[in-house]
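In this note's numbering, the protein residues as written are 3 to 244.
No lab work stands behind these hints: they were computed from the structure. Small disclaimer: the values here were computed from a predicted structure and weren't measured. Glycine included, each C-beta is placed from N, C-alpha and C at the ideal position. Treat the hints loosely; a few may be bogus.
To be verified - Keeping only pairs whose Cα atoms sit at most 25 Å apart, straight-line, the calculated DSS-like set for lysine-lysine is: (1) 23 - 12; (2) 157 - 123; (3) 124 - 90; (4) 12 - 157; (5) 204 - 189; (6) 90 - 123; (7) 90 - 12; (8) 70 - 90; (9) 124 - 70.
What the hints assert, rightly or not - FRET-style restraints, in silico, Cβ to Cβ: (10) 156 - 16: 24 to 32 Å; (11) 236 - 183: 46 to 54 Å; (12) 158 - 61: 45 to 53 Å; (13) 20 - 58: 41 to 49 Å; (14) 152 - 18: 45 to 53 Å; (15) 137 - 43: 31 to 39 Å; (16) 149 - 50: 35 to 43 Å.
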Amino acid sequence: LCAQLGLPYKRGRSGNQQALKDIRDRLVGRRAIIVVANLETIDEYEDLLRTLRPLASRDTRVLITTRKEGGLAERMSDVFVIHLNPLKEMADARDFLTWHIRAYSNEHSDLLRLERDTNNKKRVQLLLDRTGGIPLLVQLILSDIARSSWDYIEKLPLLFGEALLNFLYEARWNELGTLNNDGDVAKHILVWVASEQSRHRKVTFDRLNQWATENGQIESFQVAVRLLFERFLIVNSDLKQG
Numbered sequence: 003l004c005a006q007l008g009l010p011y012k013r014g015r016s017g018n019q020q021a022l023k024d025i026r027d028r029l030v031g032r033r034a035i036i037v038v039a040n041l042e043t044i045d046e047y048e049d050l051l052r053t054l055r056p057l058a059s060r061d062t063r064v065l066i067t068t069r070k071e072g073g074l075a076e077r078m079s080d081v082f083v084i085h086l087n088p089l090k091e092m093a094d095a096r097d098f099l100t101w102h103i104r105a106y107s108n109e110h111s112d113l114l115r116l117e118r119d120t121n122n123k124k125r126v127q128l129l130l131d132r133t134g135g136i137p138l139l140v141q142l143i144l145s146d147i148a149r150s151s152w153d154y155i156e157k158l159p160l161l162f163g164e165a166l167l168n169f170l171y172e173a174r175w176n177e178l179g180t181l182n183n184d185g186d187v188a189k190h191i192l193v194w195v196a197s198e199q200s201r202h203r204k205v206t207f208d209r210l211n212q213w214a215t216e217n218g219q220i221e222s223f224q225v226a227v228r229l230l231f232e233r234f235l236i237v238n239s240d241l242k243q244g
């Protein structure tokens with residue numbers, strides 16, 4: 003938050019207290035939304051929420067997303083919980099599939115040939131049945147269908163929810179290992195991105211280019227990034243911001 007607001011930050015308890023004061027002062031008179039994504043990945047998330055609570059006001063709201071609620075509402079009475087239901091209605095599913103195809107087609111051009119299939123009720127219903135209508139699973143499997151065919155769904159194991167997500171990610175990781183140097187470079191990029199993000203560093207396309215140059219992989223870089231686009235939905239939204 004300090005980095006985004008152009009404020010200094012010093013680690014430690016006293017530094018955190020000063021940072022909270024500085025953030026509150028900076029946000030006075032402004033409308034702001036503080037977004038905390040994937041709360042389930044933070045071990046001591048209750049400490050984080052207690053820290054953020056004083057920042058919430060009439061004009062400043064804190065929006066949190068998590069795949070595992072974990073009794074959040076019971077432990078924090080002033081938290082307003084909204085459960086996002088899976089896709090069930092055919093019209094909603096078609097709209098979502100169309101959006102995904104158009105949003106990702108620049109990185110994964112094979113998606114475009116599936117746009118007409120969004121009108122095929124049987125295929126769309128099969129996709130919803132196998133994914134439980136969970137949007138991320140729908141996206142990942144649709145990307146696999148684009149790279150192969152609709153028969154791909156029939157080959158999936160009978161897994162649901164997180165188990166299916168883990169299977170899809172593991173299958174993609176293993177597949178990269180069969181794609182020679184390009185796949186190996188894609189693996190190294192994923193590991194590097196995870197390492198950088200764990201240190202709260204921005205991952206931009208310029209920094210990825212720099213990494214590829216320093217590691218002598220500039221020739222495989224573009225292909226490796228495309229593999230990540232297609233398999234892991236990693237998208238470069240901005241050359242400078244990443």
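Hints, one by one, checked against the model:
1. 23 - 12: holds (13 Å)
2. 157 - 123: Since the Cα atoms of residue 157 and residue 123 sit roughly 20 Å apart, the hinted pair holds (cutoff 25 Å).
3. 124 - 90: holds (14 Å)
4. 12 - 157: This hinted pair is violated, its Cα atoms lying about 52 Å apart.
5. 204 - 189: Within the cut-off at roughly 19 Å; holds.
6. 90 - 123: Holds. Residue 90 to residue 123 sits at ~12 Å (cutoff 25 Å).
7. 90 - 12: violated (47 Å)
8. 70 - 90: Distance of about 21 Å is within 25 Å: holds.
9. 124 - 70: Measuring from Cα to Cα gives roughly 31 Å; hence the hint is violated.
10. 156 - 16: 24 to 32 Å: Violated: the Cβ-Cβ distance is about 59 Å, outside 24 to 32 Å.
11. 236 - 183: 46 to 54 Å: About 19 Å separates the Cβ atoms of residue 236 and residue 183, which means 46 to 54 Å is violated.
12. 158 - 61: 45 to 53 Å: Roughly 47 Å apart at Cβ, these two residues keep to the hinted range, so it holds.
13. 20 - 58: 41 to 49 Å: violated (19 Å)
14. 152 - 18: 45 to 53 Å: holds (52 Å)
15. 137 - 43: 31 to 39 Å: Between residue 137 and residue 43, where Cβ atoms are some 18 Å apart, the hint is violated.
16. 149 - 50: 35 to 43 Å: Holds: the Cβ-Cβ distance is about 38 Å, inside 35 to 43 Å.
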